[in-house]
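Undergrad: Full structure from sequences and hints, please.
Protein chains in written order, with this note's numbering: chain V, 1070 to 1181; chain A, 22 to 134.
Calculated directly from the structure, the hints in this document are not laboratory data.
Keep in mind that this is a model prediction, so the values were computed, not measured.
One or more of the hints may lead you astray.
In silico SDA-like pairs for lysine to any residue, Cα to Cα no more than 20 Å straight-line [unchecked claim]: (1) V:K1126 - A:I115; (2) V:K1084 - V:P1130; (3) A:K126 - V:G1153; (4) A:K77 - V:T1169; (5) V:K1091 - A:R62; (6) V:K1082 - A:G61; (7) A:K126 - V:P1108; (8) A:K126 - V:S1155; (9) A:K126 - V:G1109.
Computed beta-carbon distance windows for the label pairs [said to hold, decoys possible]: (10) A:A103 - V:G1153: 29 to 35 Å; (11) V:D1140 - A:K90: 43 to 49 Å; (12) V:I1081 - A:L96: 38 to 44 Å; (13) A:T41 - V:E1086: 41 to 47 Å; (14) V:I1081 - A:T88: 40 to 46 Å; (15) A:R71 - V:D1140: 30 to 36 Å; (16) V:M1122 - A:N51: 17 to 23 Å; (17) V:A1071 - A:S79: 20 to 26 Å.
Even glycine gets a Cβ: it sits at the ideal position worked out from N, Cα and C.
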Amino acid sequence: AAGVIQSPRHLIKEKRETATLKCYPIPRHDTVYWYQQGPGQDPQFLISFYEKMQSDKGSIPDRFSAQQFSDYHSELNMSSLELGDSALYFCASSLEAEETQYFGPGTRLLVL
Amino acid sequence: SQQGEEDPQALSIQEGENATMNCSYKTSINNLQWYRQNSGRGLVHLILIRSNEREKHSGRLRVTLDTSKKSSSLLITASRAADTASYFCALEMIGAGSYQLTFGKGTKLSVIP
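TA: Pasting the structure below:
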């Protein structure tokens, strides 16, 4: 069965650079979530989209923005990167009417 | 904190033994979900239990939910070395926007062959 696809899987950036993470949800899923997991930490909710509209916002820094496109894929744009942004970034997708979220393999971002 | 609090933080058992992990929380929930994560990998959904359910089974997994005590437990029976992973409870809270999940700190389970 198709799963959530995230790209890139690994990314190394310098401080103050920008990064774009991409997420391709499971086909027919209309809701996308982004989570950030720091080293040894639990995942923290950043932002979610339903039918291309932002549906909820969590602890997402102002330096980050995201959107969901007409094909339901989503991109997380991160600017002015800081060392503390080094983390695993997960995308999850679901059907709006269902509660289970299916997570992608994550993008590991390292900011040097 | 509204997130789940899991205990123990780490658990080491012999293969074949049962493993029990607990999750306590402070707010009202729509449902509680358990996820598994191998080191540095993605989160795998294990089981979802709704607030009006008390117990659910899936294979070797058994989850209970006591909303009066605001607690849940995950039991893995007849553990295997391949069960070694971190296990997180995740809450879908009443009133939270969309279906965002609030994760607990996780229990790191080691199953020794």
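Undergrad: Take the hints in turn and mark each one as holding or not.
TA: Checked hints:
1. About 16 Å separates the Cα atoms of K1126 (chain V) and I115 (chain A), which keeps this hinted pair within 20 Å; it holds.
2. About 15 Å separates the Cα atoms of K1084 (chain V) and P1130 (chain V), which keeps this hinted pair within 20 Å; it holds.
3. With a C-alpha separation of about 19 Å, the suggested pair K126 (chain A) and G1153 (chain V) falls inside the 20 Å cut-off, and the hint holds.
4. For the given pair, K77 (chain A) sits about 15 Å from T1169 (chain V) by alpha-carbon distance, which is consistent with the 20 Å threshold.
5. At most 20 Å may separate the alpha-carbon atoms for a hinted pair to count; K1091 (chain V) and R62 (chain A) meet this at roughly 17 Å.
6. A C-alpha spacing of about 19 Å is found between K1082 (chain V) and G61 (chain A), which places the hinted pair at or below 20 Å, so the restraint holds.
7. Between the alpha carbons of K126 (chain A) and P1108 (chain V) the distance comes to roughly 12 Å, so the proposed pair stays at or under 20 Å and holds.
8. The hinted pair formed by K126 (chain A) and S1155 (chain V) meets the criterion: a straight-line CA distance of about 19 Å does not exceed 20 Å.
9. For the given pair, K126 (chain A) sits about 9 Å from G1109 (chain V) by alpha-carbon distance, which is consistent with the 20 Å threshold.
10. For the pair A103 (chain A) and G1153 (chain V), the supplied restraint of 29 to 35 Å holds, since their beta-carbon distance comes to about 34 Å.
11. For the pair D1140 (chain V) and K90 (chain A), the supplied restraint of 43 to 49 Å holds, since their beta-carbon distance comes to about 45 Å.
12. At roughly 41 Å, the beta-carbon separation of I1081 (chain V) and L96 (chain A) lies within the given 38 to 44 Å, and the hint holds.
13. Range check, T41 (chain A) to E1086 (chain V): about 45 Å between beta-carbon atoms, so the 41 to 47 Å window is met.
14. One distance hint, 40 to 46 Å for the beta-carbon pair I1081 (chain V) and T88 (chain A), holds here, with the actual separation near 45 Å.
15. Judged by the Cβ atoms, the range 30 to 36 Å given for R71 (chain A) and D1140 (chain V) holds: they are separated by roughly 32 Å.
16. A C-beta distance of roughly 21 Å is found between M1122 (chain V) and N51 (chain A), which places it inside the suggested range of 17 to 23 Å.
17. Between A1071 (chain V) and S79 (chain A) the C-beta distance comes to about 22 Å, which sits within the given range of 20 to 26 Å.
Consistency note: the structure conflicts with none of the earlier hints.
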